[in-house]
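Student: As given, the protein sequences belong to chains H and P, one line each in that order.
Under the working numbering, the first sequence has 82 at position 85, and the numbering climbs by one with no breaks.
The number in the working numbering is simply the position in the second sequence, starting from 1, with 245 added.
Just so you know, these hints were derived from the structure itself, not from any lab.
Since this is a predicted model, take the numbers as computed values, not measurements.
No residue lacks a Cβ here, since even glycine has one placed at the ideal position from N, Cα and C.
Check the hints yourself; a few may be wrong.
[Unchecked claim] Simulated DEER-style distance windows between Cβ atoms: (1) H:Q85 x P:G441: 33 to 39 angstroms; (2) P:S456 x H:V80: 26 to 32 angstroms; (3) P:V496 x H:Q85: 34 to 40 angstroms; (4) P:Y533 x H:A79: 51 to 57 angstroms; (5) H:A79 x P:P410: 21 to 27 angstroms; (6) P:K444 x H:R111: 25 to 31 angstroms.
[Unchecked claim] Straight line, CA to CA, 30 angstroms or less: simulated BS3-like cross-link-like pairs of lysine-lysine: (7) H:K87 x P:K485; (8) H:K87 x P:K302; (9) P:K427 x H:K87; (10) H:K69 x P:K302.
Residues per chain are reported as follows:
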Amino acid sequence: MGVATKCEICGLKDAVIHIRQIQKDLVHELHICEECAQEKGLIREEDSELPIANLLSGLLEGKDVTGALEVKDACPKCGLKAVEFRKQGKLGCAECFEAFDKDIRAILSQMAARPRHTGKLPHTLSVEHAASAEGEGLREELREAVEREDYEQAARIRDKLREMEPNV
Amino acid sequence: MFDFTGLGDMKGWMHPADSADATATSADSASVVISSRVRLSRNLAAYPYPGRIPADKEEECRERILAAFRRLPNADEFAILYLDDLPALERRILFERNLVSQGYSIEKQRAIVLSRDESVAGIIGDEDHLRLVGMKGGLSLEPLLARLDGLDTQLEESLPYAVSPDWGYLNTAITNLGTGLKASMMLHLPALSMSGLIKRAVKASAQLGLSIRGFFSESMDSLGDMYIIANEITIGLAEKEIIGNLGRIAVQLAGYENRTREELMEKRRVDIEDRVFRAWGLLTWCRYVSHREAIEALSALRLGVALGLIAAVEPSTLTALLYLSQKSHIQRVLQSQADTVDSKLIDYTRAKIIREALTNARGG
Chain H
-2 MGVATKCEIC
8 GLKDAVIHIR
18 QIQKDLVHEL
28 HICEECAQEK
38 GLIREEDSEL
48 PIANLLSGLL
58 EGKDVTGALE
68 VKDACPKCGL
78 KAVEFRKQGK
88 LGCAECFEAF
98 DKDIRAILSQ
108 MAARPRHTGK
118 LPHTLSVEHA
128 ASAEGEGLRE
138 ELREAVERED
148 YEQAARIRDK
158 LREMEPNV
Chain P
246 MFDFTGLGDM
256 KGWMHPADSA
266 DATATSADSA
276 SVVISSRVRL
286 SRNLAAYPYP
296 GRIPADKEEE
306 CRERILAAFR
316 RLPNADEFAI
326 LYLDDLPALE
336 RRILFERNLV
346 SQGYSIEKQR
356 AIVLSRDESV
366 AGIIGDEDHL
376 RLVGMKGGLS
386 LEPLLARLDG
396 LDTQLEESLP
406 YAVSPDWGYL
416 NTAITNLGTG
426 LKASMMLHLP
436 ALSMSGLIKR
446 AVKASAQLGL
456 SIRGFFSESM
466 DSLGDMYIIA
476 NEITIGLAEK
486 EIIGNLGRIA
496 VQLAGYENRT
506 REELMEKRRV
516 DIEDRVFRAW
526 GLLTWCRYVS
536 HREAIEALSA
546 LRLGVALGLI
556 AAVEPSTLTA
566 LLYLSQKSHI
576 QRVLQSQADT
586 VDSKLIDYTR
596 AKIIREALTN
606 ARGG
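This is chain P alone, in the form it adopts within the complex (with noise of 0.2 angstroms):
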């Protein structure tokens, strides 16, 4: 194993556009799909599964699927974390980061392997006992499913899953039977959310098995605009299929809300013309701003930055600034590990990485 100490050394990340290598999106879905995400849970057939795990038992099965990827021939390029080692706020960057969920974040007896990229992660007794995790920009379901599938197919080796040949792999929850393969991808969806069009997507998707709600809240007027779309359906479908139509689904409605953009921009241009140089001029020129405020500049600038209004800014930068602009992120940047921290010295510091993020931008 690397020498890894934490999210230390988390390489380049107080700059954008180089952190933002994980998250990279190909330049034509990059202004609707930002990222994708593929999840495949696991449980040991051996061993009662997490929350009904005695303790000295659930050590035991951590310790089985960790010196699981330690066997693997490609092991030097995972580390292993134990969370009970680390400080909270880097605890807390990991549930910012999408790694592991709040509640994760603050259980004890807790490990992760994370890739050398941070793009694939093991993490161990969530829900299941293990899940996958791999994470990368733009439309990526086929590349991420064959990591996390190798990766998979060599830890089988080592590892007795619990399976079936009519259920699949047993997993803790019956909504998550069969492939236990969660697909989701994040979406950008402005004009969409704007015309009210969004309210028929998430019906129709509905009924093809998906889901899609709010990155930032779980309501409709998402914050941001951002939404995710994922699949409910893990039993019945092969892997391949369930990404398939996820990706199908994701390429439609990018397809529905880059020709509504066009309408936007044909009747109501000023209105979009304002809202994008508004939140550009705010986060060119303002000191402080509150995440709520940077989430929704950072939309308008990116569907400004898409229709071509605004010139010289990556949406990949505009992507990690999402991410890097979330309070645990700030306060490594200020390298305050205390868990109060003046609110103001967190707004003001925002305001500054956005603002130095967002030099070059220049009107298209």
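Excised from the complex, chain H in its bound form (with noise of 0.2 angstroms):
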């Protein structure tokens, strides 16, 4: 290797860690710093192996997207109880969108196979909508490669988010 492979994370440092998955006859390769992997804590004496998932769900966001928001026991303008909204599946007010998001995630990955809307939006949101609607629906797709451990596509949608966004 003449010039050295720039973690793939930060794209600053040198990759020092390779992972590499081998499928039939083909390769995938991840790359990263010491440095990335410390922060993600990926690098622990006790760590026999990498976990992989978690390293792919960190490159989405830069979060734990385990850890999601904290549901409120009611919606700040409405005052519909979380109690009442379990209940009856109903919600009180536009923020009781907000003040509910993780319950609503949670049920609707349960009731639709594709919890994500892909119809029509009012002429105003579908515009602004639009620009970054394709990168939303890829950086889905290779979430839910990873959590699937299907790294080959995790690796190809990871390729195409890049030439779709250099700056990533």
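From these two lone chains plus the hints, build me the complex, please.
Tutor: Written as structure tokens, this is what we have:
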């Protein structure tokens, strides 16, 4: 290797940790620097192997995706209580959706195969949304690929994301 | 707004064949797919949702939605009906026409917007701030969606909807997020019902994210063999995918139904004939008929028309009779506003309306 590979997280330092997954005759590689690996909590003495899933999840948003928002006891605007919402599955106002975000996500992911809106949006919102929609969709796919440990697909999606957003 | 005093001038509604325009079915699907319905739910971001909105805000919200309808370039195609101004009978007729739920029909402070042809309505302050509803005969999901979508796009210019890129339209029920689209079709499935195959159809539909339930009762041995098939999932699919899936399944069910009818005609012809001609005899000659009896006989007659056993009766006439044989519709014929009315008189009038509509019927 003539030129040192850059870390795929920070893109600054040289990668010193190389993860290689070999599947049939395909090879997928991830390269990260020591500092990033430590920051992600991936290097500890007792770690016999690296949790790749966490690493890739971290790549998505730079945060631990499992630690989502806290659920509030009641909606600050309309006063709907979390218990009432859970019992009836009905929201009291537009702000309830932020207040009960985590609950709603959990319910939707059980209810629908793809719990993300793909239909019509009001014109004003859809123009703004179109630009980021594709990237969002890919990130979602990346997350799913990582969850089912399909690193081959994950690497492919990551490359696609890079093409779209060179700064990532 | 045109002059529209309640439903008083529901044109031609005493002549089932004419009033069936809105529910007319195309020849090929007429034997199974009776009608289609599409509903889009929307809420305004600025107001708490129905059920949690204070009365003064509720009125403000309602007037804001009505103002948006008044600003439409084609505003004269719609009439605004304040339910508080309508006699109880006409509110019940709205319910009998499937425009509003029974609960909604007796609520205070409600208003609906109704298109001149009565095929499109804006229901304000039901479970959501606004529900656009469209109904049409036969397999008509696409034209209905196109019409409601166009109306919705016009309205959104003056109504800031509660919406998010991830979850689409933020509606009251979590089961109604995303598109806020509920599409349904009324199917006549007597053969699947007789053969017991309907249970399998219900299971298979559930796996596809659709539901099938009886129209006149939730149970599976639905009165008159009328079933409603509808989408359950409103998020994760585009509007066109939702109605596309539903339409495909309905066409498949219609195929099964037709094949089963043919099989029954081969194996149990006399049983079928007996059921059809018995119903024809009842509806042609009886002097009193209950609602339940009428629905069952009209269903058998519809099957007879589809199988060519009865001629000179339009399926659309039979569809119209399903609506017209309901109690409040009959009370309107009798011009009786009373809440309690002689039930013998209702049964007598029902029999008369149906008999007159079927005078031309003959054996096929």
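Student: Each hint should be assessed against the structure and marked as holding or not.
Tutor: Hint check:
no., hint, result
1, H:Q85 x P:G441: 33 to 39 angstroms, "36 angstroms, holds"
2, P:S456 x H:V80: 26 to 32 angstroms, "28 angstroms, holds"
3, P:V496 x H:Q85: 34 to 40 angstroms, "35 angstroms, holds"
4, P:Y533 x H:A79: 51 to 57 angstroms, "55 angstroms, holds"
5, H:A79 x P:P410: 21 to 27 angstroms, "24 angstroms, holds"
6, P:K444 x H:R111: 25 to 31 angstroms, "29 angstroms, holds"
7, H:K87 x P:K485, "26 angstroms, holds"
8, H:K87 x P:K302, "19 angstroms, holds"
9, P:K427 x H:K87, "17 angstroms, holds"
10, H:K69 x P:K302, "25 angstroms, holds"
Violation of the numbered hints given earlier is absent; every hint is satisfied by the structure.
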